[in-house]
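In terms of the working numbering, the sequence shown opens at residue 66 and continues consecutively.
The reader is advised that the hints may include incorrect statements.
Here are the computed lysine-lysine pairs in the PhoX-like style, where the Cα-Cα straight-line distance is at most 20 Å [to be verified]:
| id | residue 1 | residue 2 |
| --- | --- | --- |
| 1 | K176 | K186 |
| 2 | K153 | K120 |
| 3 | K120 | K176 |
| 4 | K174 | K153 |
| 5 | K174 | K125 |
These are calculated hints, taken from the structure and not from any lab test. Quick caveat, the model's predicted, so the values are computed rather than measured.
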Amino acid sequence: MRLVGDPMGGCHSRKVVTPVLHHMGVLTYMQGESSDREQMAFTLDPLEHLAICLKEAEEKAKALLEQLTVSEGTKRKLLEQVSWLEQKVETVNRNSVSGEPYENMAVMKDKYIEKLQAEVKATQEQLAAYIVFFYFLIPLFISWSS
């Protein structure tokens, strides 16, 4: 028994190569059988493995899409926070006698915005990379293997 998977580690199903053909619920041992039946048994096994890998990839893609949805919700909330901060800065600016408190607040706001934007960008890039892998590379791997 060995772990079999794609180069990126996406498929973790176990594959056992045995000379047994599963056909209509009956186990047939391959000793003394024709080479065509042996070929069929060993051809079905990789196809079954690919089907398992595809199912795992689909499940991972679904989970990643859910994460992307959560990420988009987080992005929306962060943008709302940025808008709120900008309104606060405008209020402070109008009420401020000197420009120094405004400058400090503007610098703090800019740093906070940059931090939020970097977090959103990093999350979106990571999710995009996973989605590209599961939607484009797995089907290529499957078509190449068959």
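Against the structure, the hints:
1. For the hint pairing K176 with K186, the CA-to-CA distance comes to about 15 Å; that is within 20 Å, so the pair holds.
2. For the proposed pair K153 and K120, the alpha carbon gap of about 49 Å is over 20 Å, so the pair is violated.
3. For a cut-off of 20 Å, the pair hint linking K120 to K176 is broken: about 43 Å separates their Cα positions.
4. Between K174 and K153, the direct Cα distance comes to roughly 10 Å. Compliance with the 20 Å bound is thereby established for this hinted pair.
5. Straight-line distance between C-alpha atoms of K174 and K125 comes to about 37 Å, which puts the hinted pair past the 20 Å bound.
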